[in-house]
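Novice: Make the full structure from the sequences, and use the hints.
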Amino acid sequence: MKIKKLMSAAVITAAASLASTAHADCGTVQMGDFDWNSAKLHSAIAGYILENGYDCNVEVTTGSTLPIMTGLYNGDLDVVMEVWYDNIVDQFKPYEDKGVVKRIGVNTPDSGQGFYVDGPTARKHGITSVDDMLKPEIAMLFQDPENDSKGRMTSCISGWSCYTINLVKHHSYGLDQFYTNYDPGSSGALDAAIKGAFQKQQPIFTYYWEPTALMGMVDLVKLEEPAYEQGTWDAMMVVVNDIKANGVEQLVKVDATAYRDMELPVGINTRLEREEPAVADFMSHYTISSADLSKLLVHYLDPDQADGEAELTARHFLTTSSDWESWVPADVAQKVKDSL
Amino acid sequence: MCRLRVYRMLNNEPEKNATLRRSLYSVLGLVLMVLLFWASYANSKFAPKSKDFWEYIATTSIDKWLNNWPKWLDMPLQPWANSGLDWLVINYGIYFDMVNDFILSLVISIKDILTYVPWPLVILGVCLLTWFVSGKKRGTTLLVTLCMFFIGFLSPKFWDKALETTSIMLIAIFICLLVGIPTAIWMSRSARVRNAILPVLDLMQTIPSFCYLIPGIMLFGLGAVPAIIATVIYAMPPLIRLTDLGIRLVDEEIIEAADSFGASSKQKLWAIQIPLAMPNIMQGINQCTMMALAMVVIASMIGTRGLGDEVLLGLQQLNVGRALEAGIAIVLLAIVLDRITQAYGDRIQERTH
Numbered sequence: 001m002k003i004k005k006l007m008s009a010a011v012i013t014a015a016a017s018l019a020s021t022a023h024a025d026c027g028t029v030q031m032g033d034f035d036w037n038s039a040k041l042h043s044a045i046a047g048y049i050l051e052n053g054y055d056c057n058v059e060v061t062t063g064s065t066l067p068i069m070t071g072l073y074n075g076d077l078d079v080v081m082e083v084w085y086d087n088i089v090d091q092f093k094p095y096e097d098k099g100v101v102k103r104i105g106v107n108t109p110d111s112g113q114g115f116y117v118d119g120p121t122a123r124k125h126g127i128t129s130v131d132d133m134l135k136p137e138i139a140m141l142f143q144d145p146e147n148d149s150k151g152r153m154t155s156c157i158s159g160w161s162c163y164t165i166n167l168v169k170h171h172s173y174g175l176d177q178f179y180t181n182y183d184p185g186s187s188g189a190l191d192a193a194i195k196g197a198f199q200k201q202q203p204i205f206t207y208y209w210e211p212t213a214l215m216g217m218v219d220l221v222k223l224e225e226p227a228y229e230q231g232t233w234d235a236m237m238v239v240v241n242d243i244k245a246n247g248v249e250q251l252v253k254v255d256a257t258a259y260r261d262m263e264l265p266v267g268i269n270t271r272l273e274r275e276e277p278a279v280a281d282f283m284s285h286y287t288i289s290s291a292d293l294s295k296l297l298v299h300y301l302d303p304d305q306a307d308g309e310a311e312l313t314a315r316h317f318l319t320t321s322s323d324w325e326s327w328v329p330a331d332v333a334q335k336v337k338d339s340l
Numbered sequence: 341m342c343r344l345r346v347y348r349m350l351n352n353e354p355e356k357n358a359t360l361r362r363s364l365y366s367v368l369g370l371v372l373m374v375l376l377f378w379a380s381y382a383n384s385k386f387a388p389k390s391k392d393f394w395e396y397i398a399t400t401s402i403d404k405w406l407n408n409w410p411k412w413l414d415m416p417l418q419p420w421a422n423s424g425l426d427w428l429v430i431n432y433g434i435y436f437d438m439v440n441d442f443i444l445s446l447v448i449s450i451k452d453i454l455t456y457v458p459w460p461l462v463i464l465g466v467c468l469l470t471w472f473v474s475g476k477k478r479g480t481t482l483l484v485t486l487c488m489f490f491i492g493f494l495s496p497k498f499w500d501k502a503l504e505t506t507s508i509m510l511i512a513i514f515i516c517l518l519v520g521i522p523t524a525i526w527m528s529r530s531a532r533v534r535n536a537i538l539p540v541l542d543l544m545q546t547i548p549s550f551c552y553l554i555p556g557i558m559l560f561g562l563g564a565v566p567a568i569i570a571t572v573i574y575a576m577p578p579l580i581r582l583t584d585l586g587i588r589l590v591d592e593e594i595i596e597a598a599d600s601f602g603a604s605s606k607q608k609l610w611a612i613q614i615p616l617a618m619p620n621i622m623q624g625i626n627q628c629t630m631m632a633l634a635m636v637v638i639a640s641m642i643g644t645r646g647l648g649d650e651v652l653l654g655l656q657q658l659n660v661g662r663a664l665e666a667g668i669a670i671v672l673l674a675i676v677l678d679r680i681t682q683a684y685g686d687r688i689q690e691r692t693h
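If you read the protein sequences in the order shown, they are chains A and B. For the first sequence, counting from 1, position 35 maps to 35 in the numbering used here; every step adds exactly one. For the second sequence, counting from 1, position 123 maps to 463 in the numbering used here; every step adds exactly one.
Keep in mind the hints are simulated off the structure, nothing from the lab. Just so you know, these numbers come straight off a predicted model, no measurement behind them. Some hints could be false.
Claimed, not checked - Calculated pairs, DSS-like style, for lysine-lysine (alpha carbon to alpha carbon, straight line, at most 30 Å): (1) 135/A to 222/A; (2) 124/A to 222/A; (3) 135/A to 200/A; (4) 335/A to 411/B; (5) 244/A to 102/A; (6) 497/B to 253/A; (7) 195/A to 295/A; (8) 404/B to 337/A; (9) 124/A to 200/A; (10) 337/A to 411/B; (11) 295/A to 222/A; (12) 200/A to 222/A; (13) 222/A to 244/A; (14) 335/A to 295/A; (15) 253/A to 135/A; (16) 150/A to 497/B; (17) 335/A to 404/B; (18) 195/A to 135/A; (19) 295/A to 411/B; (20) 244/A to 98/A; (21) 497/B to 244/A; (22) 195/A to 150/A; (23) 295/A to 200/A; (24) 124/A to 295/A.
Specialist: Dropping the structure here:
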């Protein structure tokens, strides 16, 4: 009996050590981080799990879309947690086809973009869709200080493709008669303008997107547009690309639809799959819904809670939610829980 | 005895109660520091759990303190600034909107006038203006006219954008002159005022623009007004410093001669100090203009239309040529504005010499 117990103990110990060595030889993971909040949070959460569950050494490089994606393509970086694929498809696809990079797993299954109106004004005037905005008295609620005759829609900055897309949409829906497609200059200025309008309790009509902290903090109502349809969207994008290449004179009236609910994938350099298959497996299961992420972002930016500390927010998420346990094997999950 | 006091007054020497005043300031400073320490400890989330501060000091090892700045020794300026701004926006938002509407109407009227006039007439107008302001100098007029022409020649889009930028810059430079030169004159008369204002000038020149631009957007809204404020804050210090320096550098003997002739201080200022300080003041205006135009790109990052837009677009699309063209157009605009003001300054100096 005693020998049997000893034997079984030895076998279990051997098995356990084998299991742990499978994760123990994780080396350094180079992670690319962007300069916006949702990406920072993903990097913090994934980085925490990699360091405390898989015993990897995580090195994070922060930057803007273009330099970080270039780092991923040429192998300096192994993983980028939040890839806005639709916006960079032209550069990403050639590398994907060659097998250098790969979209693995869906980070955020539902990221939305659209036209929003502040809640109080929308409810007061019964505004639910873009058609409701096509009235002169409604347009005057959002009066543009620089152009008295029209209302203002704070749009994307002119470097983003959504600026041209919004221009085409305005022309398509007939909004350009009543509103200016206003370029706020930088994303910080856009956020400040929206926040300022809410504090002064003034109506605001704007473009915005999820998942973002601002969505969690202010009451914006999304306007209904014609439903997304692949064919119509592609025809519209032809006009958009024409304008980007040849100037705004190419603007013609074309049917437009609402923005597609994009999935944001995790992007990896395929070298990671070969060298650290356990890490790649974890990345393929990583997923957080847009609603959960917006709540996390509010926690992240709240001065009374995380106050801008990404690691504190990651710990908060890992302690309060149990969704993440399905991303990793049980022993890794246990190690992460022990470290909290 | 009387002469000694006059001498002291003229040279801004401290009076007898200096030591009493200095010790009062030190006591006040000490009280302020203690209050700040208390505020930082009370507000900090990282303050140790034990209620007794002295017990905490006694039980913590000294090297833990020395290796990392203690997390509770954190002056809570961040929450104060945030709540201060919120209070300002919520309670006084309408007044800021009124200021915004007023300044914006000025900008739009100048812009409308300039863009309404056909472009050859604008170039001709600038040419004639330079001709008469410089006192019929051919070289300057030719330079300014060519620069003006090349703004449109570089790219047809730039003409209207340059006029938009000009209208904003003209108002900003005008405000700089209106506020800056009187401030500098006041500074030059009193060492105490100068010592008080110099740190403020340092702050205005070094603080990153977005630190006061984001509150500016929340108070005034996107567009020209925060941009004008940013430009004024950035471009005013060189003007103030150089004007102050110019007035102070006027020869002591000439001031004494004026005093001996019984000149009042107003007469001294207008008839002697300012004309003799003119070269420095003109340099100040030149620097003000240059720094104002350097802010054009930052202005476009908060929604102001103009040449800065093109630079920003070139940056975001990695189109180096576009950014360079727009940058050169901004330089040409700076040269035009600067040469006109310098020519006027030279003419004033020629008249007085």
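Novice: Which of the listed hints are not met by the structure?
Specialist: Per hint list: zero violations.
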